[in-house]
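Student: Protein chains in written order, with our numbering: chain A, 1 to 161; chain B, 1 to 775; chain C, 1 to 274.
None of these hints come from the bench; they were simulated from the model.
One should not assume that every hint holds.
[What the hints assert, rightly or not] Under the rule of at most 20 angstroms between Cα atoms (straight-line distance), these lysine to aspartate or glutamate pairs were calculated in the DMTMM-like manner: (1) Lys687(B) with Glu252(C); (2) Lys94(C) with Asp123(A); (3) Lys642(B) with Glu61(C); (4) Lys77(A) with Glu61(C); (5) Lys88(C) with Glu129(A); (6) Lys714(B) with Glu145(A); (7) Lys50(C) with Glu712(B); (8) Lys36(A) with Asp5(C); (9) Lys642(B) with Asp5(C); (10) Lys146(A) with Glu712(B); (11) Lys768(B) with Glu259(C); (12) Lys769(B) with Asp247(C); (13) Lys647(B) with Asp189(C); (14) Lys394(B) with Glu505(B); (15) Lys22(B) with Glu17(A); (16) Lys58(C) with Glu59(A); (17) Lys714(B) with Asp149(A); (18) Lys91(A) with Glu505(B); (19) Lys118(C) with Asp701(B); (20) Lys76(A) with Asp247(C); (21) Lys642(B) with Glu252(C); (22) Lys76(A) with Glu12(C); (23) Lys506(B) with Asp543(B); (24) Lys46(C) with Glu505(B); (25) Lys768(B) with Glu252(C).
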Amino acid sequence: MISYKGYNAVDLHVNGETREVVIKPSETLLSVLRDKIGLTGPKAGCENGDCGACTVLLEGQPVKSCLVLAVEAIGKKVVTVEGLHDTEVQKAFVEESGFQCGYCTAGFIVNSYALLEENPDADASEKVEWLSSNLCRCTGYEDIEKAVDSAQRIKNNSESR
Amino acid sequence: MNSNVLGHSPRRKESLDKVTGKVMYGNDYNSPRMLHGALKTSPHAFAKIKGIHKEDAEKMPGVKAVLTGQDLKENIGLYLCDKPPIARNVARHYGEVVAVVIADSLAKAREAADAVKVEYEKMDPILSPKEALKAEAAVIHEEMATYSHIKPIHPEPGSNVANRSKIRKGDVKKAFDEAAFVVETNMVIPPGDHVAMEPRVSIVEIKSTGEVHITSSTQAPFVVKNLMCHFFGLHPGKVVVTAPMVGGGFGGKAGIQLEGLAYLMSLKVGGRPVKLVNSREQDLLASPGHIGLESNVKIASDEKGKLLGMDLTYCFNSGAYADYAVNISRAAAISCTGPYNVPNVKCDSMCVYTNMPFATAYRGFGHIEMAFGIERALDELADKLQMDPVELRKLNCIKEGDQTPVQSVMNSSTGDLETCFTRVEEMLGGNLGDVETINEEWVRAKGVSGLWKAPAMPTNTDAGAILTFNGDGSCNLNTGVVEIGQGTKTGVAQIVADTLDIPLEKVHVVMDVDTRTSPSDWATAASRGLFMAGLAAHEACVDAIEQIKEVASAVLRVSKSDLVVKDERVCSVDEPSIGLHLSEVALGYVYPNGNAFYGQIIGRGRYIAKHLTDIDQETGKGHPDLEWTLGAEGVEAEVNLKTGQYKIVKAVCCIDVGKVINPDLALGQIVGGMAMGMGYTTMEGFKLNDRGQVTNGSLRDYKIMRYGDHPEYKVEFLETPQLDGPHGARGLGEQAVIGMPGAIGNALSRAIGKGLYEIPITSERLYKKLMEVSH
Amino acid sequence: MISIDFDYYKPENIQEACDLMARFKTEKTNAVYYAGGTEVVSFIRKGTLKAKAVIDLKGIEEMAEIHANEDHVFVGANVSLNQAADFKPLEPMKAVLNKIGDRTIRNTLTIGGNICGKLPYREAILPLLASDANVIIAGEEGLSEKKLSEVFDMRLKLSGSEFVYGFSIPRNDQIKMYSKRIQSDIPIDYPILHLVGRWAEDRLFIGLSGFAGVPRYQWIEKDEFDQWQTPIDKLIGKFASMAKEDDRAGAEYRVHLLEYLLEDMLGGMENDQL
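Given the sequences, and given the hints that come with them, work out the whole structure.
Tutor: Structure representation (structure tokens):
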């Protein structure tokens with residue numbers, strides 16, 4: 001049986017790298033990513049699973065990293081916004097002004113990315129189902145909607161070619 | 001002039017950093033040297049603090065110190081010095097800080113904060129302005145007479161009134177005596193929160209030189225600097241405030257927040273850097289939110305609907321402390337009638353203490369609250385007159401030459417409100433008075449609202465811009481405007497690119513604000529960032545161009561008046577081949593033989609508000625209003641008459657912004673404002689139990705709109721130039737929230753055929769109103 | 001950020017898990033079973049749950065399984081709500097599961113966790129009850145399968161070191177389940193009323209979440225139902241006194257909404273000739 005007490009040196013697989021960190025069982029994945037690995041892209045907007053600003057991919061699935069213990073991520077692949085490079089979603093968020101203050105953006109981008117990977121043909125209601133997991137206070141959501149639609153179009157066009 | 005910049009929507013300067021997660025906000029700065037602070041907050045709304053037992057906490061591992069109100073003698077307050085950084089002897093609202101712990105990790109600090117034990121003696125909390133104003137009400141601030149305050153506010157010691165502003169224009173009694181129609185309504189809006197996605201954070205270190213270095217999620221680094229000096233006797237040159245990227249402000253980070261407390265904590269541990277960050281729950285309750293209002297609005301008109309007078313009482317619910325609230329009640333007085341020409345006005349606008357979480361600035365600054373009452377009452381007047389609600393408003397729109405409530409005269413920069421209403425009506429498809437049946441349960445109705453706002457700020461509000469240059473002829477723009485998501489840094493850069501006629505990519509923007517190196521700038525608030533920093537930046541460009549011409553004049557042997565700066569060159573106006581690339585002059589000209597001349601170009605620009613005065617204490621007469629932005633908004637709502645459930649399906653806005661500098665950014669501000677106004681009206685606000693404890697103090701329970709909850713937005717801009725604005729532009733950041741409560745309240749009231757007077761308009765509230773037996 | 005330390009255990013089988021819990025109970029150590037963690041982590045952070053040991057059941061691999069044969073569907077307690085909703089043989093439950101929490105949360109929120117949690121909603125139990133599911137309980141004696149309705153009385157009755165291992169649901173792809181959920185303002189919120197209904201051959205299931213302090217349900221025999229002149233009034237009579245009053249809605253409004261949804265449900269069912 002695996003168990004962790006006090007401090008433990010463990011390997012976490014984050015953004016394609018293996019990182020050795022010393023963690024306690026009580027530490028959330030969010031706080032370990034931010035405070036011990038220096039990946040401050042995911043944000044502690046509420047630490048209660050309500051805002052989605054801390055969203056990361058765990059084995060390809062978006063999760064709220066404030067509600068996941070770091071020990072649960074041992075042996076699993078973690079991807080944060082810093083692990084996404086030049087994706088259609090990121091480009092579209094820039095082109096369509098899918099953010100203002102930017103604090104929710106990492107969460108929206110990671111979640112939108114996962115949505116379009118899993119369901120490239122997502123319709124409007126599926127987008128609502130996925131993206132209503134994240135809060136934004138600046139945009140009124142219209143520009144985020146445009147960004148995700150645009151990313152989907154560009155992604156599907158480039159893949160069909 | 002660079003014709004490809006102004007009126008276009010280049011991408012934000014910080015775009016790539018924001019989509020890659022690389023942008024740094026206050027809480028992203030970490031160092032093993034840092035100590036961490038944690039707050040202990042009051043579970044009671046109003047209680048005497050009988051004793052604090054901190055011994056257990058102090059003994060816990062990693063704990064450096066525990067501070068309580070007794071340890072700190074200073075009060076802090078923006079305009080009225082009423083707030084101990086930690087509650088002293090009495091806790092005045094649920095969630096107020098009663099102790100802080102400093103430890104070597106956040107986890108240890110929070111664990112120790114839990115171990116601090118506080119003994120309270122509960123008192124009956126006052127939970128509304130109405131209660132607070134009763135003669136027998138407990139006085140929440142018994143020491144009010146001892147509080148220092150700025151001159152323009154007028155506290156009333158011995159009562160719960162922290163400020164009272166009066167407007168006395170014309171003869172209101174006569175107006176009501178002669179009126180053909182009179183309406184009267186009473187409105188209630190609860191306090192609530194901004195819910196900026198970034199919780200507030202401050203990091204403070206006191207260097208061995210005595211320098212105080214503050215990194216803070218602030219919209220107002222210079223306000224923080226000045227107040228830190230004022231309250232703690234620091235030298236202004238020794239306080240350095242850095243504002244990194246801010247994750248949303250909406251007014252909530254415009255005053256002084258955690259900085260004072262974090263400073264006192266650092267002081268306690270010998271100046272070591274201390275980081276104090278709010279949990280979301282603390283950000284909602286321990287730090288200030290938005291104000292509430294109870295208003296009484298009486299309007300008199302003649303038989304044709306021409307407004308004769310307004311008699312207005314605004315009791316703002318400031319919560320336990322005054323912060324910006326004393327100026328919000330004043331700002332609401334200044335614009336108390338909404339954007340209408342009203343010859344006779346009486347208004348008493350009060351800032352009233354209650355035992356609710358306290359209020360600071362919020363997008364709209366008193367105008368969103370004020371407008372709800374005015375616009376609902378105007379619709380009731382239209383009903384009485386049997387007049388179209390848009391016609392009534394158009395008939396009374398304020399225009400050039402009309403007097404505002406403070407008797408200042410609307411000048412030739414006055415926006416075209418009448419056309420705004422026409423456009424809003426058209427965007428909504430007309431027939432504003434109709435209620436359309438969709439099926440046996442659902443109906444559709446529309447509502448409109450006017451809006452106006454002038455910044456409420458010190459009479460000497462300033463801004464500055466410094467332009468330095470690089471060897472390739474590109475420039476670096478440094479202003480004191482904080483980037484909080486509004487995009488002002490990019491907008492100001494566009495003005496620079498246009499004025500210098502260089503590509504926008506060659507205007508590099510200093511993103512973070514540092515009060516030691518950035519030019520002074522009052523605050524990133526009041527929708528004046530682009531207006532003031534834009535003017536300063538324009539002046540800095542003009543200054544730089546003068547210098548560039550001076551160098552070129554000598555080198556080229558062409559008189560300055562014959563030189564122009566265009567296409568990244570300075571050249572002879574009639575013979576462009578005689579010229580220099582900006583890279584050749586940017587850091588001083590170097591002759592082929594090595595001789596150098598003039599040195600680097602440094603552009604300096606400044607702005608200070610002109611001709612502003614305070615308002616008279618008895619009549620309100622004065623000129624506090626720098627520039628007015630006018631507009632109109634409307635919504636279409638579908639309402640289920642069986643359940644009270646409803647949805648806003650369309651939200652429209654036409655606003656006269658003078659000049660659109662960046663259409664995407666402008667649109668973002670308007671749509672974002674409308675969304676915030678919708679949430680404010682339909683679901684937000686603190687819920688309290690009868691003991692004054694907030695029961696929706698987390699984002700699980702304090703709901704804000706989500707993806708998919710938003711309606712279709714339609715926005716149009718008018719461009720009646722602001723003659724003294726940068727390229728004719730005026731403020732637009734806050735305005736779009738202002739009309740939403742009125743427009744939504746009017747649409748829903750029309751749909752159910754009964755008047756709604758209380759925010760938030762929940763489905764249940766609508767249903768109960770439907771069930772009410774009409775009198 | 002959690003400020004209280006605890007130990008973490010990840011047993012690999014039922015025996016290990018039960019032994020651990022039994023040991024902690026003897027030692028009077030406050031221990032909790034842990035699955036998705038969405039509730040436990042947030043309660044520990046807020047200090048409302050003071051656990052010194054967390055026993056993560058995700059090491060028991062069978063509990064993450066979901067499979068079906070002709071007669072039954074097995075759903076392990078550790079199956080996430082999204083996995084369960086996307087499993088074709090559970091199509092009838094999908095509409096209910098997809099309304100819980102939000103999509104991202106449902107990637108970690110497990111069906112066992114939702115039902116055994118401390119929050120008063122536990123919406124996932126309604127379609128299970130409506131489907132006449134059995135609950136498989138793991139205990140020191142191994143696995144035991146019981147009718148869910150026998151173990152659930154306002155909450156799951158588990159004793160000692162028992163925990164929910166999974167559910168066995170009679171397979172019926174034809175079931176049409178009624179599920180409508182009303183929130184006080186926006187969809188991502190707890191329900192003020194979630195009505196789940198189903199006509200089985202000879203009886204009607206009515207289940208409510210968010211209406212009372214705990215999920216409540218009743219089966220109504222068809223014979224009885226057919227005798228009612230005003231079935232909606234009768235049904236409301238069975239539930240009205242349970243309506244709670246809280247920040248999200250008053251009791252009176254909840255009862256009104258129940259009436260509204262019952263009308264909708266019974267009207268719709270007639271149309272579908274269910």
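Student: If a hint holds in the structure, say so; if it does not, say that too.
Tutor: Tested hints:
no. : hint                     : verdict
1   : Lys687(B) with Glu252(C) : 19 angstroms, holds
2   : Lys94(C) with Asp123(A)  : 18 angstroms, holds
3   : Lys642(B) with Glu61(C)  : 49 angstroms, violated
4   : Lys77(A) with Glu61(C)   : 19 angstroms, holds
5   : Lys88(C) with Glu129(A)  : 19 angstroms, holds
6   : Lys714(B) with Glu145(A) : 15 angstroms, holds
7   : Lys50(C) with Glu712(B)  : 46 angstroms, violated
8   : Lys36(A) with Asp5(C)    : 17 angstroms, holds
9   : Lys642(B) with Asp5(C)   : 51 angstroms, violated
10  : Lys146(A) with Glu712(B) : 12 angstroms, holds
11  : Lys768(B) with Glu259(C) : 15 angstroms, holds
12  : Lys769(B) with Asp247(C) : 18 angstroms, holds
13  : Lys647(B) with Asp189(C) : 16 angstroms, holds
14  : Lys394(B) with Glu505(B) : 44 angstroms, violated
15  : Lys22(B) with Glu17(A)   : 18 angstroms, holds
16  : Lys58(C) with Glu59(A)   : 15 angstroms, holds
17  : Lys714(B) with Asp149(A) : 19 angstroms, holds
18  : Lys91(A) with Glu505(B)  : 18 angstroms, holds
19  : Lys118(C) with Asp701(B) : 17 angstroms, holds
20  : Lys76(A) with Asp247(C)  : 40 angstroms, violated
21  : Lys642(B) with Glu252(C) : 14 angstroms, holds
22  : Lys76(A) with Glu12(C)   : 17 angstroms, holds
23  : Lys506(B) with Asp543(B) : 18 angstroms, holds
24  : Lys46(C) with Glu505(B)  : 47 angstroms, violated
25  : Lys768(B) with Glu252(C) : 10 angstroms, holds
Hint compliance for this structure: hints 3, 7, 9, 14, 20, 24 are broken, all remaining hints hold.
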